[in-house]
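Using the sequences and the accompanying hints, generate a full structural model.
There are 2 protein chains.
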Amino acid sequence: MSKKLTSRAEDYSKWYNELVVKADLAENSAVRGCMVIKPYGYAIWEKMQAELDKKFKETGHQNAYFPLFVPKSLFEAEEKNAEGFAKECAVVTHYRLQNDPDKPGKLRVDPNAKLEEELVVRPTSEAIIWNTYRNWIQSYRDLPILVNQWANVVRWEMRTRLFLRTAEFLWQEGHTAHATKAEAIVEAEQMNNVYANFVENFMAIPVIQGLKTESERFAGAEETYCIEALMQDGKALQAGTSHFLGQNFAKAFDVKFANKEGKQDYVWATSWGVSTRLMGALIMTHSDDNGLVLPPNLAPNQVVIVPIYKSEEQLAAITEVVNGIVNDLRAKSISVKFDNRDTLRPGAKFAQHELQGVPLRIAIGARDLENGTVELARRDTLTKEVVPLDGLIDKVEGLMTEIQESLFNKALDFRNTHITKVDTFEEFKTVLETKTGFISAHWDGTAETEDKIKELTKATIRCVPLNQEEENGLCVYSGAPSKGRVLFAKAY
Amino acid sequence: MSKKLTSRAEDYSKWYNELVVKADLAENSAVRGCMVIKPYGYAIWEKMQAELDKKFKETGHQNAYFPLFVPKSLFEAEEKNAEGFAKECAVVTHYRLQNDPDKPGKLRVDPNAKLEEELVVRPTSEAIIWNTYRNWIQSYRDLPILVNQWANVVRWEMRTRLFLRTAEFLWQEGHTAHATKAEAIVEAEQMNNVYANFVENFMAIPVIQGLKTESERFAGAEETYCIEALMQDGKALQAGTSHFLGQNFAKAFDVKFANKEGKQDYVWATSWGVSTRLMGALIMTHSDDNGLVLPPNLAPNQVVIVPIYKSEEQLAAITEVVNGIVNDLRAKSISVKFDNRDTLRPGAKFAQHELQGVPLRIAIGARDLENGTVELARRDTLTKEVVPLDGLIDKVEGLMTEIQESLFNKALDFRNTHITKVDTFEEFKTVLETKTGFISAHWDGTAETEDKIKELTKATIRCVPLNQEEENGLCVYSGAPSKGRVLFAKAY
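Line by line, the protein sequences give chains A and B. For the first sequence, the working numbering gives the first residue as 1, with consecutive numbering after it. For the second sequence, the working numbering gives the first residue as 1001, with consecutive numbering after it.
None of these hints come from the bench; they were simulated from the model. In this text, a Cβ means the ideal position worked out from N, Cα and C, and glycines have one as well. Take these hints with a grain of salt, some might be off.
Simulated restraints on C-beta separations [as the list claims (entries may be wrong)]: (1) B:K1256 with A:T6: 27 to 35 Å; (2) B:Q1049 with A:K251: 51 to 59 Å; (3) A:G398 with B:E1313: 37 to 45 Å; (4) A:K14 with B:S1139: 25 to 33 Å.
Given below as structure tokens:
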């Protein structure tokens, strides 16, 4: 606990990995690329889940659960989707182990228990879900279907990092079915808005809403909406996506409906998801060299109270005051922990709560009791002030809002000062080398140019912003005409 | 929707399967033995989850998440546990698909992407978790660890039934680590109590708490506590289990700690779980030939209001009154749905809500408006009464409690009248053939006798009740002395 983190300036990537482990968020497991989400990390994820789930239900969605496994024949039915995920699929081929005749005490796969058809562990659930929807949909009266699933998925990535890219991760995936193209597009846009709203207002992370280019789209989508955030090291992170799937899955799985005129038509689809990757975005947006910084909305403990005492009598007197504070804070729905462990000194407790990002620390000692004061320490600004006990609860309540807003504004300032407009490819390369963040530049709209720029600079088009201004210009690489700027960046 | 269910008397098993599908709870999927939990069924499961999760947190547990996959070498480390689950394991052997060179447009497992070590899809997580705990525990100060996980697990069962036995199911699994044997036993008992309390008070299903015999214990446990319920067809259903695991997993995974005296000792363990199987218990305890019967605590909609009208004016007048009722009920935290669909007649709506087990239906028509009344229909008793609008909210609130209690008492009566004491094996066999339910009988405590009785009658020892009375007797099969009765039954 006490050993200091590597600083961000020294090695950003090392800082991140150390922070995740030392703040007790997650750790690597015995399974290559799969993580263990520890209780403290999971408590933050639960807060994200609860808020998102509420928003999904408010917009008319219901939860359901579909199988973990996708039979190979269903998996391959939508070709683009299959092609996009085939290279990273965990595949179940057998359903039994047996004693290994050559190695006593060891087991082996039973060669007689081979499945007739291999099962893919879902990397995403469009295939299994659209195969199910076929039986749910006959007429326009059965539409829309607005379903979400909270689940684990597996993508056998070769290079993994805790939260950011793991072989197994937790997510939610919405899968909706509609009678018209227009309605499906409205749904895809709505859910991208829900994500933007959640990430900005709840996680205090500013995002840019946009459309992915064709080569960055979800495999099988007609259009991918996304929210893009900027991390402190100037790399972009895709924080959520919402796909308009057209009739691709309906055609692949033969899902038709009778419309109001009685004619048969294929159903229109969307899917949308965010994952435990958001934990990575949270960490890399707000945290500092002392550890995690949490916005109050996501903190398992919003306030921690540390007693400073030299005798049992002092502790007893402090405890009495603290009990009052705890009750009053809880009455305001502020979560608070009285850290009265007798195994750690106050300094060690301070360090731990700092490392774990508790937004506000209250320290209270014998002199405070005499003076009717406490010491408040803000995690985000690392500032301290002595304030009177009288009025403390209102003060704390105000700080919860202030810290939440301040974190957002700080991140927004950083993001806004890290968008650079460039008009030549020389400039593009120089900016990429000397400055981090988004590059706003004209692009000719072709995949060739996009690929070439990626090859030469490792920067990708993060999105075509939804609020893109019309502006006549010339593609930064090819010089061909363009009607507006898109955002490039190196990305996670 | 309108087609009637097979009656329980006609074919109980068929009634169950039809009810699950027709009430929109779940259905079979394209994956052998795996189910789709539909939105209505999942909404009930979410209510169970929320209440259980609250109880786990109240008793000091935190949630976490561990990998879906267990490397074979970890899986086989605790021998009894491995032996118990090896025959029903889904095994991942490859991590990539590729285009099938022989079949254009089809995929096949890439033979070059074979995993070095096979991965078992978790049938239960003791192995992966205790392998993780080894790094979390050094001293008694790190104990206890009180962790729960909500997850999917896979057991490749040959005969499956929706909710009751599926290849993949959803569950929670608690995994705790303790410094002393006594503390671990207290934990295992506490969690069995939590389950009993939840199932009785929230699901309205009476249970008997007991201990499993050695042959019915969880593979790797020293003692298995359980709660046993009785279904309407007289078969028993194990509704939850809590295991005292001794030091078995600590030894298998070398998890030691320094105790207060500084000596190294192996850690003591428990695990405990309930699953979507509880949905099966819920259905088979309360439902009738008209469909599902839900206790108010678990009903996604506790009240449904159906308007009965012949004109738009009547509907408008009814709607105005209904809006008031809806607001007043919601203010009392009673969930209510105004079913004003214009695509179905009232009779069809009544049938659907009956099939789906909505506890209370309010019908309101033009004459009711004149008289200041509504019609209340209770799902559990299928009784109707006309009551004044005045005082309706209190009446409904009272009925929520009354229905919840009435369902429990009805199930308790049934259970209590279906426990038969028998003292000879002839009697045992006769009762099994002529009467259903639990048989309370003396047993000599040997696995031989237990096996023999199972072989001859298909009845198993469901549990040795925790409140077993001391009573000297003779084993119903062997005639050897016994100190108390145990409960036998045929079981799900």
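Do the hints match the structure? See the list:
Evaluation of the 27 to 35 Å hint for B:K1256 and A:T6 yields a pass: the beta carbon distance comes to about 31 Å. Separated by about 36 Å at the C-beta atoms, B:Q1049 and A:K251 break the suggested range of 51 to 59 Å. Distance hint for A:G398 and B:E1313: a CB-CB separation of about 52 Å, inconsistent with the stated range 37 to 45 Å. A hinted range of 25 to 33 Å holds for the C-beta pair A:K14 and B:S1139, which are about 28 Å apart.
Checked against the numbered hints given earlier, this structure breaks hints 2, 3; the rest are met.
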